[in-house]
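Protein chains in written order, with this note's numbering: chain A, 1 to 465; chain B, 1 to 259.
There's no promise every hint is true.
One side only, chain A facing chain B, incomplete, derived with CB under 7 Å [said to hold, decoys possible]:
(1) Glu39
(2) Gly422
(3) Gly435
Calculated from the structure, these hints are not laboratory results. Here the structure is a predicted model, which means the values were calculated and not measured. Think of the CB as a built atom: it goes at the ideal place given N, C-alpha and C, for glycine as much as any other residue.
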Amino acid sequence: MAKQMPDLEEYKYGFRDEHKAIFQSGKGLTEEIVRTISEMKGEPEWMLKFRLKSLEQFRKMEMPKWGGNMDDLDFEEIQYYVKPSEKQGKTWEEVPEEIKATFDKLGIPEAEQKFLAGVSAQYESEVVYHSMQEELTKQGVIFSDTDSAIREYPEIFKEYFGTVIPPADNKFAALNSAVWSGGSFIYVPKGVQCTVPLQAYFRINSENMGQFERTLIIADEGSSVHYVEGCTAPVYSTNSLHSAVVEIIVKKDARVRYTTIQNWAPNIYNLVTKRAVAEENATMEWVDGNIGSKLTMKYPAVVLKGRGAKGMVLSIAVAGKGQHQDAGAKMIHLAPDTSSTIVSKSISKHGGKVTYRGLASFGRNAEGAKANIKCDTLIMDDQSTSDTIPYNEIMNDNITLEHEATVSKVSEDQLFYLMSRGLSDAEATQMIVMGFIEPFTKELPMEYAVEMNRLIKMEMEGSIG
Amino acid sequence: MATEFEIRGLKSSIEGKEILKGIDLNIKGGEVHAIMGPNGTGKSTLASALMGHPKYEVTDGTVTLNGEDVLEMAVDERARAGLFLAMQYPSEITGVTNADFLRSAINARREEGNEISLIKFIRQMEKKMKELEMNPEFMHRYLNEGFSGGEKKRNEILQMMLLEPKLVILDEIDSGLDIDALRIVAEGVNAMRAEDRGFLIITHYQRLLNYITPDHVHVMMQGRIVKSGGPELAQRLEAEGYDWVKEELGIVDETVGQA
Numbered sequence: 001m002a003k004q005m006p007d008l009e010e011y012k013y014g015f016r017d018e019h020k021a022i023f024q025s026g027k028g029l030t031e032e033i034v035r036t037i038s039e040m041k042g043e044p045e046w047m048l049k050f051r052l053k054s055l056e057q058f059r060k061m062e063m064p065k066w067g068g069n070m071d072d073l074d075f076e077e078i079q080y081y082v083k084p085s086e087k088q089g090k091t092w093e094e095v096p097e098e099i100k101a102t103f104d105k106l107g108i109p110e111a112e113q114k115f116l117a118g119v120s121a122q123y124e125s126e127v128v129y130h131s132m133q134e135e136l137t138k139q140g141v142i143f144s145d146t147d148s149a150i151r152e153y154p155e156i157f158k159e160y161f162g163t164v165i166p167p168a169d170n171k172f173a174a175l176n177s178a179v180w181s182g183g184s185f186i187y188v189p190k191g192v193q194c195t196v197p198l199q200a201y202f203r204i205n206s207e208n209m210g211q212f213e214r215t216l217i218i219a220d221e222g223s224s225v226h227y228v229e230g231c232t233a234p235v236y237s238t239n240s241l242h243s244a245v246v247e248i249i250v251k252k253d254a255r256v257r258y259t260t261i262q263n264w265a266p267n268i269y270n271l272v273t274k275r276a277v278a279e280e281n282a283t284m285e286w287v288d289g290n291i292g293s294k295l296t297m298k299y300p301a302v303v304l305k306g307r308g309a310k311g312m313v314l315s316i317a318v319a320g321k322g323q324h325q326d327a328g329a330k331m332i333h334l335a336p337d338t339s340s341t342i343v344s345k346s347i348s349k350h351g352g353k354v355t356y357r358g359l360a361s362f363g364r365n366a367e368g369a370k371a372n373i374k375c376d377t378l379i380m381d382d383q384s385t386s387d388t389i390p391y392n393e394i395m396n397d398n399i400t401l402e403h404e405a406t407v408s409k410v411s412e413d414q415l416f417y418l419m420s421r422g423l424s425d426a427e428a429t430q431m432i433v434m435g436f437i438e439p440f441t442k443e444l445p446m447e448y449a450v451e452m453n454r455l456i457k458m459e460m461e462g463s464i465g
Numbered sequence: 001m002a003t004e005f006e007i008r009g010l011k012s013s014i015e016g017k018e019i020l021k022g023i024d025l026n027i028k029g030g031e032v033h034a035i036m037g038p039n040g041t042g043k044s045t046l047a048s049a050l051m052g053h054p055k056y057e058v059t060d061g062t063v064t065l066n067g068e069d070v071l072e073m074a075v076d077e078r079a080r081a082g083l084f085l086a087m088q089y090p091s092e093i094t095g096v097t098n099a100d101f102l103r104s105a106i107n108a109r110r111e112e113g114n115e116i117s118l119i120k121f122i123r124q125m126e127k128k129m130k131e132l133e134m135n136p137e138f139m140h141r142y143l144n145e146g147f148s149g150g151e152k153k154r155n156e157i158l159q160m161m162l163l164e165p166k167l168v169i170l171d172e173i174d175s176g177l178d179i180d181a182l183r184i185v186a187e188g189v190n191a192m193r194a195e196d197r198g199f200l201i202i203t204h205y206q207r208l209l210n211y212i213t214p215d216h217v218h219v220m221m222q223g224r225i226v227k228s229g230g231p232e233l234a235q236r237l238e239a240e241g242y243d244w245v246k247e248e249l250g251i252v253d254e255t256v257g258q259a
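For reference, chain A alone in the conformation it holds in the complex (with noise of 0.2 Å):
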C-alpha cells in the first residue's frame, strides 16, 4: 500500500503567472474609475449612467451585519479594472502567451476539445477566449461575454440585464453593478436544446484583485442548457474579491441547470449574488461547489413565479483552516403548484466554518406549493464548526414545506469497519467523506465529477489524525 497522498491542504491551483496587463485601473473605488471602464468598453450611455448610480446606491447601502466577518476586507485596497490584452481570442494561439499557459495549467483546452460545446475563459476583468460550436451558432444560440453582448445584442441585453437582481438588492450587488466587467451572456431561442454543456472559466492573477463579473442568461420557451463555470486565483497574502452577479431568465417550459465549482483560494472572498427567474413549468437547477476562499457569502436562489415552476439547489461547501462557507439557497414561491427542493451538503475540518442560510418563502398565490430542505453536516473533527439557520415565510395555509437537518461525524466505528477490510485511515476517511457528497458529485458532468472528487480526496488528506 504505496499510494502516494498530495500534501496537506496544498492548494494546487495557486501558482500566478508574470503576465502585464494593458490597463490597471490602481487601487481604489472612484467615480472616475466607473466612468473609464464604461469608456474603455465603449458602453452605451444608458450603461455608464447604470453603473454611477449603482455607484452611488453601493456608497449608500451599509455593510450586512450578519453573515461572515468582512473586518479585513478595504475597498481601498482593491484593484477594480485589470484589462489583460488588447483583444479576444477565437482560437488558443491569438490568446497571450503566458495566459494561454496558465489556462493550459487548468486544463481548460484540454476539457474544450474532449466535451464542451463552448468556452469562454475570463482572466482578470476580460474574456480572453470565447468560442462555441458552429452548431450551436446555427440554431441561433449566442453565447458571448457580457461586454460583446451590449454591442451585439442591444435589445434583448437592455430588456434582462439588471431585472432580476437590481443594483440595490444588495451593498455586493450594487459593487457588482457599478464596476462589472466580463462575465457570460447567453441566450437560447424557443425550443433549442443544448445538450453538450457551456462552460466559462474565470481566473484571477493579480494580488489585491477585484474580479465582477456579469452572467445573464435567457432561456427561451421550451429550450434547455448546461451552464458550467470554475474559478481559481493564486495564493497571495492579501485580500482579494470575487463578487459576481448571475441572473438567469427561465421562460415557460425551460431548463437551465448553472454548475458552479468554485475553489478559490485562501484568501479570497467569494461574495456573489445568484438568482433565477422561473416562469410556467419551467426548471431551474443551481449545482454549487464552494471549496476554498476565505470567506464565502452565497446563497443560489430560485424565484418561482410561473404555476408549476420547479426549482432545485443542490450545495456542497467544504471549510477548512480559517476558511467560513456561509451559503445555502433561497427559494421564492410566488405562484400556485410551484416546488423546490434544497440539498446542502456541508463539511468542516481543521477549524473551519460552515453555515447553512437558507431561504424558504410562499407568497399568497403559492397555493399548494411545496418546499423540500436538506441539510447534512459533517463535521470533522473538534475545533470545526457547523451552524443551521433556516428562515420560512408562510403567507399561504395550502402548502408543503419539510425541513430536515443532520449533523454528524465520522464515525469511529464507521472507520473502524472500513479499515478492517483493509483500507487506510486516510482512504476510509476519503470514502466516507465521498459517500456524503455523493448525491451531488452523481449530478455532475462525469469529468467534473472525476476532478471534484479528487479535491476532496486533497483537501480530506490528514483531516483525521
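Use these hints to put chain B onto chain A, whose structure you have.
Frame of chain A; chain B shown alone:
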C-alpha cells in the same frame, strides 16, 4: 505457509474495565474453532480486540498470525495480513456502493498498478452473490444502508469470500437469521474452509454449528475460556444449557460485569 494463529494471555479493557482476563487459543489452518457462552462473557470483546477496535485496549498478552505480531499492527494492516472479522453490527456507509467499497478493499491488498480489472471484479462479485442467493441489486446499493439484519450478515460473508482472508472471525453471524439464511451463510462459510484458512466462530447458540461442524468448541465465561472440547461439547450445551458448566467450575455469575 500453513496458517497459524496464536493468542497468548490476551487481556483487554474497555474504558479501564478489564473484560478479557487472559485468553489462550491456537488456531491452525483448516481448523474451525467455536467460542460459545452466554451474553456478557466477553465473546464479542475478543473479536473486536483481535481486529483492533480502538475502544478496546489490549493490556497484556500476544497475538501472532504466522509469527507476525498482530497487536503491533493498525486495523488495516491486520486486515491486509489476513485477518477478517464478520461483524455483528456492520456499519452503514451512505453514498458508497457495495461494489465500489469491495473493489477498493480488494485493491488495498494489491500493489499499485496491479489493481483488479473492473470486469473481472464484477464477474467475481456476481458469482459470489449468486452463491449467497443475494439480489444482484445489492451490488449497487449503498454499503449496508437499509439492509435487513439478514442481508447485512450475507454481505459480511460476501466480503469474506471476495477478500479470501487467512483467519476468519465470525461474530454472532447467526443472530437475526432465519433458517434459510442461516443455511446459506453456513454454506458460504463451508465453501471457504481450506487448509490454509482458520475460523473462529463466536456464537450464542448451537444451531449454527449444526451446519458448520467445528473441530474445537470453547466455552467463555468471566472473560476467560473455561472449558474446551470437541463438537460434542456444543451439543451438550444446546441440550442442557450452561448451568452444568457453571456448577462444575463453581461459577455463580458468568458475566464479566461484577467480577
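To see whether the hints hold, each was checked on the structure:
1. Glu39: Violated, because the Cβ-Cβ distance from glutamate 39/A to chain B comes to roughly 52 Å (cut-off 7 Å).
2. Gly422: Glycine 422/A check passes; min Cβ-Cβ to chain B is 4 Å, inside 7 Å.
3. Gly435: holds, 3 Å
In the structure shown, a violation is registered for the earlier hint numbered 1 alone.
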